[in-house]
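Colleague: Input sequences plus hints: build the corresponding full structure.
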Amino acid sequence: MAFFYYLCPKFANKMRFYLFLLTVLLLPVLSACSSCDKQQTLVDSDYQTLLITQIQDCSRLYTAEYQIHKIITHDDVLRLQGQLTGENYDFELPMLGDRKIAIPMDATVKAYIDFSGFSEENVEREDDKITIILPDPKVTLTSSKIDHANIKKYVALLRSDFTDEELSSYERQGREAIIATIPELGIIESARQNAARVLVPMIKQLGYSERNITIAFRQDLDPQTVIERNKE
Amino acid sequence: MKQKEKKYLAIGCGLLLVGCLLCGFIFGGRYIYNKVTSNSLSLTTDNRIDVTPQQVRAMRAIGQWEFLALTDEEMVDTIRQGFFFDDQLVRIYYGTLRLGIDMQQLSDSAFTSRGDTLDVTLPAIQLLDYNFIDEARTRSFISKGNWDASDREALYRRAKAKMLRQCLTPRNIRRARQNAEEQVTDMLRVMGFEKVNLKWKD
Numbered sequence: 001m002a003f004f005y006y007l008c009p010k011f012a013n014k015m016r017f018y019l020f021l022l023t024v025l026l027l028p029v030l031s032a033c034s035s036c037d038k039q040q041t042l043v044d045s046d047y048q049t050l051l052i053t054q055i056q057d058c059s060r061l062y063t064a065e066y067q068i069h070k071i072i073t074h075d076d077v078l079r080l081q082g083q084l085t086g087e088n089y090d091f092e093l094p095m096l097g098d099r100k101i102a103i104p105m106d107a108t109v110k111a112y113i114d115f116s117g118f119s120e121e122n123v124e125r126e127d128d129k130i131t132i133i134l135p136d137p138k139v140t141l142t143s144s145k146i147d148h149a150n151i152k153k154y155v156a157l158l159r160s161d162f163t164d165e166e167l168s169s170y171e172r173q174g175r176e177a178i179i180a181t182i183p184e185l186g187i188i189e190s191a192r193q194n195a196a197r198v199l200v201p202m203i204k205q206l207g208y209s210e211r212n213i214t215i216a217f218r219q220d221l222d223p224q225t226v227i228e229r230n231k232e
Numbered sequence: 001m002k003q004k005e006k007k008y009l010a011i012g013c014g015l016l017l018v019g020c021l022l023c024g025f026i027f028g029g030r031y032i033y034n035k036v037t038s039n040s041l042s043l044t045t046d047n048r049i050d051v052t053p054q055q056v057r058a059m060r061a062i063g064q065w066e067f068l069a070l071t072d073e074e075m076v077d078t079i080r081q082g083f084f085f086d087d088q089l090v091r092i093y094y095g096t097l098r099l100g101i102d103m104q105q106l107s108d109s110a111f112t113s114r115g116d117t118l119d120v121t122l123p124a125i126q127l128l129d130y131n132f133i134d135e136a137r138t139r140s141f142i143s144k145g146n147w148d149a150s151d152r153e154a155l156y157r158r159a160k161a162k163m164l165r166q167c168l169t170p171r172n173i174r175r176a177r178q179n180a181e182e183q184v185t186d187m188l189r190v191m192g193f194e195k196v197n198l199k200w201k202d
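Top to bottom, those sequences are chains C and L. Numbered according to our numbering, the first sequence spans residues 1 to 232. Numbered according to our numbering, the second sequence spans residues 1 to 202.
Some hints could be false.
Quick list of in silico lysine-lysine cross-link-like pairs, DSS-like style, CA-CA up to 27 Å [unchecked claim]:
(1) C/K204 - L/K201
(2) L/K195 - C/K129
(3) C/K204 - C/K138
(4) C/K152 - L/K160
(5) C/K153 - C/K204
(6) L/K160 - C/K145
(7) C/K204 - L/K199
(8) C/K145 - L/K162
(9) L/K144 - C/K153
(10) L/K144 - L/K162
(11) L/K144 - L/K160
(12) C/K204 - L/K195
(13) C/K100 - C/K152
(14) L/K144 - C/K145
(15) L/K160 - C/K138
(16) L/K144 - C/K100
(17) C/K100 - C/K129
(18) C/K100 - C/K153
(19) C/K152 - L/K144
FYI, nobody ran anything at the bench for these hints, they're computed from the structure.
Modeller: Right, dumping it as structure tokens:
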């Protein structure tokens, strides 16, 4: 079938119509033929492409990276809810079966120092001593990957399979759950220490002795304010 | 005469009875209608995920200086042609490609002072992380038919290839390099080096 589509694309719609008529007539015969599924072809259509690119000049020094693994789980129990003769009802329907899914995902969280506002106020020099006061570190989720091959699910006979939209919704919730726990990871402290490890060798090359270099940060930092969220 | 009066009385009583019955039907019907329409029953599910812990698999110190961030959205789709109907899956992927320099590639002689001039040699601009797609942000746009893990994985790979093609262009690399030159020069000037001679290690 696919071969004919490729061979004469102009007549594809017409052919499809005739084939439809023919198949309706031969439906009983075709319904017994399970090998028809094998004739399906997968076509990747590149013509439908939406491109939205936003370019931003920046100056960010990423100093710490955490790889996080999470298994998103969802137990989907069907409930009957409503009002009957003035009474409210809400109960589970286990007889109709439930659905369960576990989605493994990996996420990369990085902490950075934003140097775009770096100015004379951030540098204190006295003789051969230098103190760099760095801006507060920020944390962002830079990437995430769903382990599609290892998704486990159970769908009862009377229930429909998980839709792609439902899967995307669970994955987004899992992502938000990871972002919510960023302040507990301790990545801010790692970012500060690593910033010193990156900057001190560089400043040493500029002619300063290691013991004369001080990298300082603000101390009263609220961990909730350091998370950078994507604009939806 | 009396018989006539009796007849009228019977007719009147009959009419009254019919009226009463009619009123009863109207009000009773309305009462039942109100009761029935105020009833509602629906099958619902809770779409929230369970609260599960997460595990930090690895943590490492990095030194990646980003000078250009390219935030990209790509819509990719796939069609499976069936006998009667076609299956279609359209997903929108989000990613941010970060261009900059890896400070670990900075050589020991990257900064050398020559009189009042500081010579700086920076490593080449590169894509800082090849894992740039935030797949958990992906939106399902159209989903018709059944699709499995390999189909979604194939879409992910295509979205990644498209983003690389779209963003990792010589023009964007030039722009990142230009911004790097401005930022590094400004930073060194703030630290007391008025004359900075910046070169790239290509």
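Colleague: Indicate, hint by hint, whether the structure satisfies it.
Modeller: Results for each hint:
1. C/K204 - L/K201: holds (20 Å)
2. L/K195 - C/K129: holds (20 Å)
3. C/K204 - C/K138: Cα-Cα ~26 Å, so holds.
4. C/K152 - L/K160: Holds: C/K152 and L/K160 sit about 25 Å apart, inside 27 Å.
5. C/K153 - C/K204: Cα-Cα ~56 Å, so violated.
6. L/K160 - C/K145: At roughly 12 Å apart (the allowed maximum being 27 Å), C/K145 and L/K160 satisfy the hint.
7. C/K204 - L/K199: holds (19 Å)
8. C/K145 - L/K162: Between C/K145 and L/K162 the Cα gap is close to 17 Å, so the pair holds against 27 Å.
9. L/K144 - C/K153: Since the Cα atoms of L/K144 and C/K153 sit roughly 19 Å apart, the hinted pair holds (cutoff 27 Å).
10. L/K144 - L/K162: Since the Cα atoms of L/K144 and L/K162 sit roughly 23 Å apart, the hinted pair holds (cutoff 27 Å).
11. L/K144 - L/K160: holds (23 Å)
12. C/K204 - L/K195: Distance ~18 Å between C/K204 and L/K195 Cα, so the pair holds.
13. C/K100 - C/K152: Holds, at about 8 Å.
14. L/K144 - C/K145: Holds, at roughly 23 Å.
15. L/K160 - C/K138: Satisfied, since the Cα-Cα distance of roughly 26 Å is no more than 27 Å.
16. L/K144 - C/K100: With a Cα-Cα distance of about 21 Å, the restraint between L/K144 and C/K100 holds, given a limit of 27 Å.
17. C/K100 - C/K129: violated (62 Å)
18. C/K100 - C/K153: With Cα atoms ~5 Å apart, C/K100 and C/K153 stay inside 27 Å; holds.
19. C/K152 - L/K144: Cα-Cα ~21 Å, so holds.
Going down the numbered hints, you'll see the structure goes against 5, 17, while the others check out.
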